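Peer 1: The whole structure should be built from the sequences, with the hints applied where relevant.
There are 2 protein chains.
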Amino acid sequence: MDLWFTEKQTKHFGITAKVKKTHHTEQTAFQQLDMIETEEWGNMLVLDGMVMTTQKDEFVYHEMVAHVPLYTHPNPKHVLVVGGGDGGVIREVLKHKSVEKATLVEIDGKVIEYSKQYLPKIAGDLDDPRVEVKVDDGFMHIANSEEEYDVIMVDSTEPVGPAVNLFSRGFYDGIAKALKADGIFVAQTDNPWFKADLIKQVYQDVKEIFPVTRLYTANIPTYPSGLWTFTMGSKEHDPLKVKQDRFDPIETKYYTSDLHFAAFALPKFVKDLTE
Amino acid sequence: MDLWFTEKQTKHFGITAKVKKTHHTEQTAFQQLDMIETEEWGNMLVLDGMVMTTQKDEFVYHEMVAHVPLYTHPNPKHVLVVGGGDGGVIREVLKHKSVEKATLVEIDGKVIEYSKQYLPKIAGDLDDPRVEVKVDDGFMHIANSEEEYDVIMVDSTEPVGPAVNLFSRGFYDGIAKALKADGIFVAQTDNPWFKADLIKQVYQDVKEIFPVTRLYTANIPTYPSGLWTFTMGSKEHDPLKVKQDRFDPIETKYYTSDLHFAAFALPKFVKDLTE
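Residue numbers (UniProt numbering), protein chains in the order written: chain A, 1 to 275; chain B, 1 to 275.
Any given hint could be a false lead.
Copies of the same chain look alike in the list, so a pair counts if it works inside one copy or between any two.
Stated by the list, open to error - In silico DSSO-like pairs for lysine-lysine, Cα to Cα no more than 27 Å straight-line:
1) K134 x K20
2) K180 x K56
3) K271 x K241
4) K271 x K97
5) K253 x K243
6) K235 x K177
7) K195 x K8
8) K116 x K271
9) K268 x K97
10) K200 x K56
11) K18 x K207
12) K21 x K134
13) K241 x K268
Simulated from the structure, these hints should not be mistaken for lab results.
Note that the structure is predicted; figures quoted are calculated from it, not measured.
Peer 2: Structure follows, in structure tokens:
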């Protein structure tokens, strides 16, 4: 049987990938979870019909969420990842020697379970002694934290299902409170081709709270439009003013110190969303 | 009827777009030409089953082919576009006041004809008095030109069908001969996710001929992987050394002077293809 998985990324456009095998399919307490093996991208985690990560292109998203804020901070010790149950962001966080503790708060334990089983190169570092894994509501975890973290990364699904309140003004207020006095946060904020209004709104919300607000992009071929945005809010440190000697070498496949700065040079129509 | 156009960008992966209407379909002397209207992208030109351009995202490709070399050259007067029968690159070229003449050499007159009819905002400037349109073989046109052009842009299809020899070493030798002593050329060179070997080979070929060889990228959502590369060969001028006062303002939706430089900051796995 010739089996293809199609994600409608908009009502009228999508991607389609040939499927070798369905490893697991389950309606969890929070969302529809599918772990499939595709010919082009290897194993692929799909939540509510949307591609979350694949073996072949996962490095882009995970590196760009983690390294941009971690190099912007001069000495990140305690890091929080909200969502990110596949473990990819945690893996990148642990490449930074200054990090003493990385906390993961994922609402859906099944995402962790099946990522460990079918995406071991992504999720493998969740068992590192520096990592604390909590299966809990990220919104509530943030609300109950105070001046605790150097860097917070929001690795959520798109703003449907369990992630809706992770795109709210109240959540960003909570993040500001949960960060230390010179803390930094970054959130994935979808794509400018189909979700321009969302990017605009999040940017304005974050700008009202954080002295330094910046948008940057990365190419993720299995995400809608291939052009993904990340919104950063920082209490003090500016990602555009990182000194060259801050970039102690780590192994990457996408991120470079040149790209750290270049990622903030936005296409005109994206820049317009921040003005 | 619920009609969807699917382009298999690789054997096992593709994009799919809902079709409102088929305007025109024809096997020309050179390729299969389809002009369709899609819900998401507006009118779309498809050659041999591959998306060439769409009303919604065409500006990215056309701006990034044209403005990067034209701002790199201090005073471009005579410009050649090989391929590009839809007219989008010509439209962008004409935004530069220094340009006195822009020659388009497109092998397939039908592409010009149907672009004028169904993509008037892209092809409209083909009737500008500064433009000379030749329906001819780009390879032969280059072979017969000597020290004629300041800038040459190769806006070809992917290296199948009529465009195969536009990716050959002999073609780049011809381009070097067709350019003036400080001339610059740029060619679209596909994507690094599925065509890494092609990019590597073209880069090496160009590097053997031109003192300055550079690779840059742009996000084009309807092209495979969304991450497109362009290879530039220059006899003298370096795109990374353009002075700020060279950027006389033009109206764009993607290109900015910041992005001019940032586009050359490559993801690590793409940078590796140039080494």
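Peer 1: List, from low to high, the hint numbers that the structure doesn't satisfy.
Peer 2: 1, 2, 8, 11 and 12
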